[in-house]
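Peer 1: These are the residues of each chain, in order.
There are 2 protein chains.
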Amino acid sequence: MALIIRKYGGTSVASLDHIRRVAWSAASAKEKNNQVVIVVSAMGDETNRLMQLLAEITPNTTGREIDALLATGEQTCAALLAMTLESLGQKAKSFTGSQLPLLTDNIFSKARILDLPTKKLRKTLEAGFIPVIAGFQGVTEDGSITTLGRGGSDTTAVALAAALQADYCEIYTDVDGVYTADPNICPRARHVKKIAYPEMLEMAGLGAKVLHVRAVELAQKYQVSLVVKPFFNGNKQTWIISEEDVMENYIIKGVTLEKNVSKISLIRIPDRPGIAYQILSPLADAAINVDMIIQNASIDGFTDLTFTISKTDLHKATELINEVAQKINALEVQAANNIVKISAVGIGIKNNPGVAARMFESLSAESINIEMISTSEYRISCVIEEKYGELAVRAVHHAFGLDNEKELSE
Amino acid sequence: MALIIRKYGGTSVASLDHIRRVAWSAASAKEKNNQVVIVVSAMGDETNRLMQLLAEITPNTTGREIDALLATGEQTCAALLAMTLESLGQKAKSFTGSQLPLLTDNIFSKARILDLPTKKLRKTLEAGFIPVIAGFQGVTEDGSITTLGRGGSDTTAVALAAALQADYCEIYTDVDGVYTADPNICPRARHVKKIAYPEMLEMAGLGAKVLHVRAVELAQKYQVSLVVKPFFNGNKQTWIISEEDVMENYIIKGVTLEKNVSKISLIRIPDRPGIAYQILSPLADAAINVDMIIQNASIDGFTDLTFTISKTDLHKATELINEVAQKINALEVQAANNIVKISAVGIGIKNNPGVAARMFESLSAESINIEMISTSEYRISCVIEEKYGELAVRAVHHAFGLDNEKELSE
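Keeping their order, the protein sequence lines are chains A and B.
Residue 390 in my numbering is what sits at position 390 of the first sequence, and the numbering runs on without skipping anything.
Residue 1359 in my numbering is what sits at position 359 of the second sequence, and the numbering runs on without skipping anything.
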């Protein structure tokens, strides 16, 4: 007998027919002598409907009421699914975040989980019920309803799996897991059956739209085995598990392309201690996230500084940097957004010193110039001209032997 | 400074525009240095929408999940109204039944209120907030969401008024209060400014669709002054208050006509102790409510028994009574649903012995035959042939001097 947490996203519960299918599937897992806890998102575009109501009211409002409003979407879905399970002869019970309780801080709209007592849930499971949890929501100590922000229902599911020490956590979604690259860019991309948490974090952070970083981080922290499955199409699935459980047949697990990148360069600035801080702290104050930073070698006490930010921040950042440039007497400020960031991700990187070289070589073979480079334990990233982005993905994918007819075995 | 509970029904909050109007009105009451607590129903036909979802799932379900589903309607509305109040510069905070908490028993779909602690609400009021309460809902001691059944939001409002010892409780609705008779039947019916609880109970129970009996009973029990106001049309209003505060200018406060009546007669049954019980107990077991009962004088140890039930129960009741009739050897069972019940209601009845006679006289003057009579402290009711129903209302209304151009002053 296994204890399984199953999370169904909005598209899996978009209509009563969908909910019926989810109920059948959950009931059959239960019949196989498992304990099953279900976590649901709001039905289809219900959250959008509520957001639209919100938008019609003036934005001059606190998060508390927004969260109280949005939380109804998941509550509705959880109650409907519990009823549907009952109609199939199962015992089921819905729980809101307040009812569990899933205790959070009071940062409305992106609350963080503080505690998740399991006594009530365990009793419910032992009495033979299928608990159906409204995802995405929690409650503060003084009883206000909170929501967990983006990826919230995934986070609820992983938190429950951790708290209940579940055998694993299934995430049903409308994609069939992780690929070695975006199949739209790289037709020879292959499905990935197993991926380690840090690989998934790099992939998720770089734009693979399978799971939110936060849910993966939580899974890593509590060593929750995650599996992503498509609810409707096919039976492919990707396990997200600990590094030790992923055999390293492949040095690189995937290649990602990030398009939301732009860069700013300050030309000929004084090379003195604290200069980088002086330049970048106004951006930090404006909550603009700086990703890669390169400072050239100093010549005659002067240097150049280049950094990347997301495209959406470019306008604001340029304004701020122009102010700084005047103060520090920079020669010039250059801004560009015709760039992309290509990354190779894999737990094999740290033990294989030649990986970076192989990546640079494959780009060079296609006459693609590398403008910036950054590396981490699990990732090598290069900033290149935007127009070469897709070609670069295919070149690197090929260079690391990821192209194949067969599915990637690990 | 007054403490006022205001309840807005579904039609008053049918759209965001409606909610904005409600918010303006509540904010202006607050600006006049009052403390205001708002209770809302679900928006417009939201509850019907949820009921329809319910109906599409098989009816084989427990009340717990139905209540969890339905409660979202009021929660959504409360959060939207609280936001709208904030957008007007007011401090506002929404509360679900679970958040108050409004504690109930666990009879889902028609839970009864057990306790309503006010500590949290008082703190919220003292901090200058307008609390916006999701009506119609409560929570069991072990945290399950319950709903209060028909008239639930009115009941929430009255319960809050009682618990907070509010100065009064305003019920905003789509009718402009109580009339001396249904204006569609009796064009000379007049608006009533003040009515005593027991009068209102008789009126509500007999079909005046202004307030649910349960809310009025609760108001009477805790001596909560209620006022019913139309939200959109005009400024008429009806106060529902204690008997002592209503001056008895009029013996009769109103005349009601109940059409959902049918009767069953058992002819020639043995007149022995316990016979009525033997006949009526199968109806009680089947949850069929018997209203009026008449037993004729005994002749040769035999008698006839006639009773009224609602039309909707006639079929089932006739079946049950036919069985009983065989057992006790009744000569015949007669059923009829071409009858109505006309009632005169007023606290003056108990002190004016001639009231019944005047009512009978006015019916007789129109050649209307009275088939059954029942009286209580505040009401005289006659069963008559259906076709005379509306004529009878006008005749009795006239006989008690209720016809008038001017509005009834008390």
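Treat the hints loosely; a few may be bogus.
[Stated by the list, open to error] Mimicking DMTMM-like on lysine to aspartate or glutamate, the simulated pairs with C-alpha atoms at most 20 Å apart in a straight line are:
#1 A:Lys119 x B:Asp1176
#2 B:Lys1119 x A:Glu141
#3 B:Lys1091 x A:Asp142
#4 B:Lys1236 x B:Asp1176
#5 A:Lys123 x B:Glu1141
[Said to hold, decoys possible] Away from chain A, derived, C-beta distances all over 10 Å, residues of chain B:
#6 Glu1031
#7 Ala1068
#8 Leu1069
#9 Ala1079
#10 Ala1082
#11 Met1083
#12 Glu1086
#13 Ser1087
#14 Leu1121
#15 Gly1143
#16 Phe1231
#17 Gln1237
#18 Pro1282
#19 Glu1332
Source of the hints: derived by calculation from the structure; they are not laboratory data.
We treat Cβ as the ideally placed atom computed from N, Cα and C, and that holds for glycine.
Peer 1: If a hint holds in the structure, say so; if it does not, say that too.
Peer 2: Hints and how they fare:
For the proposed pair Lys119 (chain A) and Asp1176 (chain B), the alpha carbon gap of about 51 Å is over 20 Å, so the pair is violated. For the given pair, Lys1119 (chain B) sits about 16 Å from Glu141 (chain A) by alpha-carbon distance, which is consistent with the 20 Å threshold. Using a Cα cut-off of 20 Å, the hinted pair Lys1091 (chain B) and Asp142 (chain A) holds, with the two alpha carbons roughly 18 Å apart. Pair hint Lys1236 (chain B) plus Asp1176 (chain B) holds up; C-alpha atoms about 6 Å apart against a cutoff of 20 Å.
In summary, the hint linking Lys123 (chain A) to Glu1141 (chain B) is supported, as the alpha carbons are separated by about 16 Å, within the 20 Å threshold. Under the 10 Å C-beta cut-off, the non-interface status given to Glu1031 (chain B) relative to chain A holds; the minimum distance is some 18 Å. A Cβ of chain A approaches the Cβ of Ala1068 (chain B) within 10 Å, the least distance being about 4 Å, so the stated non-interface status is violated. Annotated as non-interface, Leu1069 (chain B) brings its C-beta within 10 Å of a C-beta of chain A; the closest such distance is 4 Å.
A beta-carbon of chain A is positioned within 10 Å of the beta-carbon of Ala1079 (chain B); the least distance is around 4 Å. The Cβ of Ala1082 (chain B) does not lie farther than 10 Å from every Cβ of chain A; its closest approach is about 4 Å, which violates its non-interface assignment. Distance check on Met1083 (chain B): its Cβ comes as close as 4 Å (rounded) to a Cβ of chain A, failing to clear the 10 Å threshold; non-interface status is violated. With a minimum CB-CB distance of about 5 Å to chain A, Glu1086 (chain B) fails to clear the 10 Å threshold, and the non-interface call is violated.
Distance check for Ser1087 (chain B) against chain A: the nearest CB is about 4 Å away, which does not clear 10 Å, and the non-interface claim fails. For Leu1121 (chain B), the shortest C-beta to C-beta distance to chain A comes to about 12 Å, beyond the 10 Å cut-off, and the non-interface label holds. Not every beta carbon of chain A lies more than 10 Å from that of Gly1143 (chain B), the smallest distance being close to 5 Å; the non-interface claim is violated. Its beta-carbon lying about 19 Å from the closest one in chain A, Phe1231 (chain B) satisfies the requirement of being farther than 10 Å from that chain.
The beta carbon of Gln1237 (chain B) is kept farther than 10 Å from every beta carbon of chain A, the shortest such distance being approximately 29 Å. For Pro1282 (chain B), the requirement that its beta carbon stay farther than 10 Å from each beta carbon of chain A is met, with the minimum near 32 Å. With a least beta-carbon separation of about 46 Å from chain A, Glu1332 (chain B) lies farther than 10 Å from that chain, consistent with its non-interface assignment.
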